[in-house]
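Novice: Residue-level listing of the chains:
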Amino acid sequence: MRKLFEIAIRNLVRNRRRTILTGSLIAVGIIAVVVFGAVAGAFKGMMIAQFTDAVLGDLEVHRRGYVASIDNLPLTLNLSAQQVTAVERALQSIPEVEVYSPRVKLGAMFSNYLETTSIRLNGVDPEREFATVPLLPSRIKGGAQTIRKGEILIPDLLAQGMKVKVGSAVVVIATNQDGSVNALQLAVGGVLVSAAGPSGRDAYIHMDDARELLRMEELEISEIAIGVREPGRVNEVYAQLTRLLASQVDAGGKPVFEVHTWEGLSPFSSIARMIDLLAVFIKVALVAIVLISVMNVMLMAVYERIREIGTIAAMGTLPGKILAMFVIEGFSLGVFGTVVGGALGSVIVLLVRAARPTFDFARVEGLVLAPVVTAGDLLVVSGIVVLVSVLASLQPAFKASRMEPVEALRHA
Amino acid sequence: MSLIVAKDLSKTYSTGAAKVEALKQVSFEIEAASFVSFIGPSASGKTTLLNLLGGLDRPTSGSLTVAGEDVSLLDRRRGAIFRGAHLGFIFQDFNLIPVLTVYENVEYPLLLVRTTPSAERAARVAKLLESVGMGDEAGKYPDQISGGQKQRVAVARALVTEPAIVLADEPTANLDTATAAAVIGLMRQMKDRLGTTFIFSTHDPRVVNEAEVLYNLEDGRIVGRREPRGRAYAQAV
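Sequence order for the protein chains is A and B.
Okay, so the first sequence: first residue is 1 according to our numbering, each after it adds one.
Okay, so the second sequence: first residue is 1 according to our numbering, each after it adds one.
Note that these hints are calculated values from the structure, not bench results.
Yeah, the Cβ is synthetic: ideal placement off N, Cα and C, and Gly gets one too.
There could be a bad hint or two in this list.
Here are the computed distance ranges between Cβ atoms for each label pair [what the hints assert, rightly or not]:
| # | chain 1 | residue 1 | chain 2 | residue 2 | range |
| --- | --- | --- | --- | --- | --- |
| 1 | A | M1 | B | A119 | 17 to 25 Å |
| 2 | B | Q92 | A | R2 | 29 to 37 Å |
| 3 | B | A18 | A | R307 | 21 to 29 Å |
| 4 | A | M1 | B | E218 | 42 to 50 Å |
| 5 | A | M1 | B | A18 | 45 to 53 Å |
| 6 | B | P98 | A | L351 | 35 to 43 Å |
Please take these sequences and the hints and turn them into a complete structure.
Specialist: Structure follows, in structure tokens:
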């Protein structure tokens, strides 16, 4: 086998210019895949982190039908204390769940005594909320980085529009499930820098204030946001939780709860899917490049070496070994392109990372792009290229192995 | 039983509508450990006959048994196994593998056709290269040696597996007198020591004069058979 590799490599070196050209073509394709994958992956990862760590959490549990009417923040679809207990029990049985935060969400009117506007209120337990969405404290501009009773954190656009600042007295007015309108006077405890995503009118108040505002005798929860220990295991937790909660059904036999990952809650998921789709297209283009270029080179190689094929066949080389010779040659060409492309692609990604390019997304400014190439990414791309190289060599190799020695020896 | 038995052997090539009868009902027998030459003008059927004997081509009709095997029935794989086990080829155009050194070209049949242990392989290759006077050129590639040297390497490659039959197409065409004599001497030595049968297609009188049996081919037919030296010569040597 070692000799077959030696012969393959010498045959590649024999036509150095063609090998370098084809190898370069493969390498350029790999560089494109590696660099695009790393940069797009970094962008996507960062944006997802913005949503999950600053607003949504990794997963959310709601009463069935809540997300479909989420724009109305329906209080009628809140979870009862009993249902919350059932969810908590399920969450505590999943070791990958690190933390969770119950939220009361409601639509309200916000008044600075001069003007009034609509607002979305999130009643939270600050400690649990900050643990679940750890980027939230960093979004609080001015004031203490917490949510105290009697205070409200308002989005910066609202603060600017309503001309209120930290310490200003404001009133929030809401209608509860019974239809009674209630008001609560609060002080602005901080201003929230906008996060990317559906948070432009979201304000935060303490859970106790929400309960008071809605005159709740027994606490009802709109959603439970969940933080997972390892972001890569979100889907695993989602599956486990969905399975555990599936046993909770209503009188009609339908599930009581619905579980969503960030993808089901954020419009960015469609952009993320587009990014994934683009990455797939680039990989398909790479496969086409490798397939066509390797097949072309190997067909040329077979055509140029017909007499040699005849000679080795005449000497008694088995057809399988002749096939192996050409497949190994295609494999070696693929490996050459992969090594060069993988190395250069990794270096380019490292350079981009070192340059720390920043970008703005929506109203979030100065996000630093930090692309990373993982060994897994490189292995997948390399595996695809080498496999396609072998597949592309098969037809020419098969052709070589099927040649009649006498015909091949006659070839000029 | 003869090593090679050909009976009513014919080979017809079709090129479009035209048909070329390269061999017409040729019959002969060749004994083991003999020096046999096929002579004749161009297009008389010599190369076609060697191709048939080597299992590289199949006869259109007739039968051909080589070393007990009906070579006309061999498929591609069995044909390769048969050639690797019993035959050595010396091509007129040398047909050395350009990416292999002189040493590796000779080693090829032992390494990639048969699986000879490395120590034995090294000893046999070195000995044969010395025998054909190419010991000092072992590390060179075919494009770094002369035509005569290439021919000597081709001879060494054909002999290195010590095959039962060596089929040689103009084996001395590119050799000077001294080297030709050395190569013929080597072949005769192998014939005597190992019982190798040598079958030549040649015009070279140096080879013709060495033949124990001489077949004259014309227009695809054997028109004469002579034994210029006979088997008595071989025994005397």
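Novice: Of all the hints numbered above, which does this structure not satisfy? Sort the numbers upward.
Specialist: Every hint satisfied by this model.
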